[in-house]
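Student: Could you put the whole structure together from the sequences, leaning on the hints where they help?
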Amino acid sequence: MKPWAALILPMVLLGCTLPRAEVSPEGTLDIFGAGALSGDARLSAEWIIEGGRGEDQAKRLVSLQQAGVEASLTLKSGPESFVLARRTKAQLLATPFISWSWRMSAEHHAPGAIRLIVGFHGGNPKSRSWGAQPFVWLGTQLPPYDRVIAIQWGDKALERGNLYTDQKVPRYIARGGARQLGDWWPENLDLAEIYRKVWPKDDIEDAEIMFIGFAVIKTEGPSEGSFRKLSLYR
6 MKPWAALILP
16 MVLLGCTLPR
26 AEVSPEGTLD
36 IFGAGALSGD
46 ARLSAEWIIE
56 GGRGEDQAKR
66 LVSLQQAGVE
76 ASLTLKSGPE
86 SFVLARRTKA
96 QLLATPFISW
106 SWRMSAEHHA
116 PGAIRLIVGF
126 HGGNPKSRSW
136 GAQPFVWLGT
146 QLPPYDRVIA
156 IQWGDKALER
166 GNLYTDQKVP
176 RYIARGGARQ
186 LGDWWPENLD
196 LAEIYRKVWP
206 KDDIEDAEIM
216 FIGFAVIKTE
226 GPSEGSFRKL
236 SLYR
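The sequence shown begins at 6 in the working numbering and counts up one residue at a time.
Just so you know, these hints were derived from the structure itself, not from any lab.
This structure is a prediction, so every number in the text was calculated from the model and none was measured.
Built from N, CA and C at the ideal position, the CB exists for glycine as well.
Be careful, since some hints might not be right.
Unchecked claim - Cβ pair distances, simulated, as ranges:
{"hint": "1", "residue 1": "Q96", "residue 2": "A183", "range": "24 to 30 Å"}
{"hint": "2", "residue 1": "L23", "residue 2": "Q185", "range": "34 to 40 Å"}
{"hint": "3", "residue 1": "W190", "residue 2": "G226", "range": "32 to 38 Å"}
{"hint": "4", "residue 1": "L168", "residue 2": "E210", "range": "18 to 24 Å"}
{"hint": "5", "residue 1": "S110", "residue 2": "R201", "range": "32 to 38 Å"}
{"hint": "6", "residue 1": "G226", "residue 2": "Q185", "range": "28 to 34 Å"}
{"hint": "7", "residue 1": "G187", "residue 2": "P130", "range": "26 to 32 Å"}
{"hint": "8", "residue 1": "S29", "residue 2": "K206", "range": "29 to 35 Å"}
{"hint": "9", "residue 1": "A111", "residue 2": "E210", "range": "16 to 22 Å"}
{"hint": "10", "residue 1": "G226", "residue 2": "Q96", "range": "25 to 31 Å"}
{"hint": "11", "residue 1": "L168", "residue 2": "S104", "range": "15 to 21 Å"}
{"hint": "12", "residue 1": "S68", "residue 2": "P130", "range": "37 to 43 Å"}
As the list claims (entries may be wrong) - Once the Cα atoms are required to be at most 27 Å apart in a straight line, the calculated DSSO-like pairs of lysine-lysine come out as:
{"hint": "13", "residue 1": "K173", "residue 2": "K206"}
{"hint": "14", "residue 1": "K202", "residue 2": "K64"}
{"hint": "15", "residue 1": "K223", "residue 2": "K131"}
{"hint": "16", "residue 1": "K161", "residue 2": "K94"}
{"hint": "17", "residue 1": "K234", "residue 2": "K202"}
{"hint": "18", "residue 1": "K81", "residue 2": "K173"}
Tutor: What follows is the structure, given as structure tokens:
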């Protein structure tokens, strides 16, 4: 099992009262943008960070920038893997699309070292109800989940659109190649379509998006990626 995958496998339910970001009446949810920050330009209460040798060390690899109403998030890999995620409350079919902009550094880049992750619950017919969930992610405040998808930058440009299911966490390649490193690129994906391809026997109408965030995999050399305008919409 990959080291980063161990960080996002389901373990013990800590309760259902923790804050979760909810969809607006217009059918959108800004995962990372101006609404993701509190008044002192810190991540809001729905965010958690876990992994590596501790939360403080992981925090040193995360930096925030606020320019007017636009916020950007930069993540750096190091000797330990970690996860930064925001707890969400959104039905997959009600907000099936995800959009964001990202820039992977040309100077500090290891393909797949920094990945978007989306956690789901309810679609897997073998999963138990939230209240009966027997597993929890020990030591974290993530809600329960039964499915995870990783979205990443590929090694080659021609990998774009490829879906790999050979590991515990399926990986979708949204963009790739060295020539596009160093610039900002906008992306829009149909999460529901990807979910159907990976788990065609699931009850997708029952699938809920429980968290969205980032998995940063440990690397020998540093890798760096920046994100902004990460949203769910219909």
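Student: Does K131 lie within 27 Å of K223 when you go C-alpha to C-alpha?
Tutor: 32 Å, violated
Student: Do W190 and G226 keep their Cβ atoms within the hinted range of 32 to 38 Å?
Tutor: 23 Å, violated
Student: Okay, A111 versus E210 on CB: inside 16 to 22 Å?
Tutor: 42 Å, violated
Student: May I ask you to test the hint 25 to 31 Å on the CB atoms belonging to G226 and Q96?
Tutor: 40 Å, violated
Student: Given the hint that K161 pairs with K94, test it: the Cα-Cα distance must not exceed 27 Å.
Tutor: 34 Å, violated
Student: 18 to 24 Å was suggested as the range; check whether the CB atoms of L168 and E210 agree with it.
Tutor: 22 Å, holds
Student: Has the given pair, K81 with K173, been kept, meaning a C-alpha gap of at most 27 Å?
Tutor: Roughly 24 Å between the alpha carbons, so the hint for K81 and K173 holds.
Student: Taken at face value, is the distance from the CA of K202 to the CA of K234 at most 27 Å?
Tutor: 26 Å, holds
Student: I want to verify a distance hint. Is the separation of the beta carbons of L23 and Q185 within 34 to 40 Å?
Tutor: 37 Å, holds
Student: Range hint 32 to 38 Å: satisfied by the CB atoms of S110 and R201?
Tutor: 33 Å, holds
Student: Is the hinted range of 26 to 32 Å satisfied by the C-beta distance from G187 to P130?
Tutor: 44 Å, violated
Student: Falls inside 37 to 43 Å, the C-beta gap from S68 to P130?
Tutor: 41 Å, holds
In summary, the numbered hints that this structure violates are 1, 3, 6, 7, 9, 10, 14, 15 and 16.
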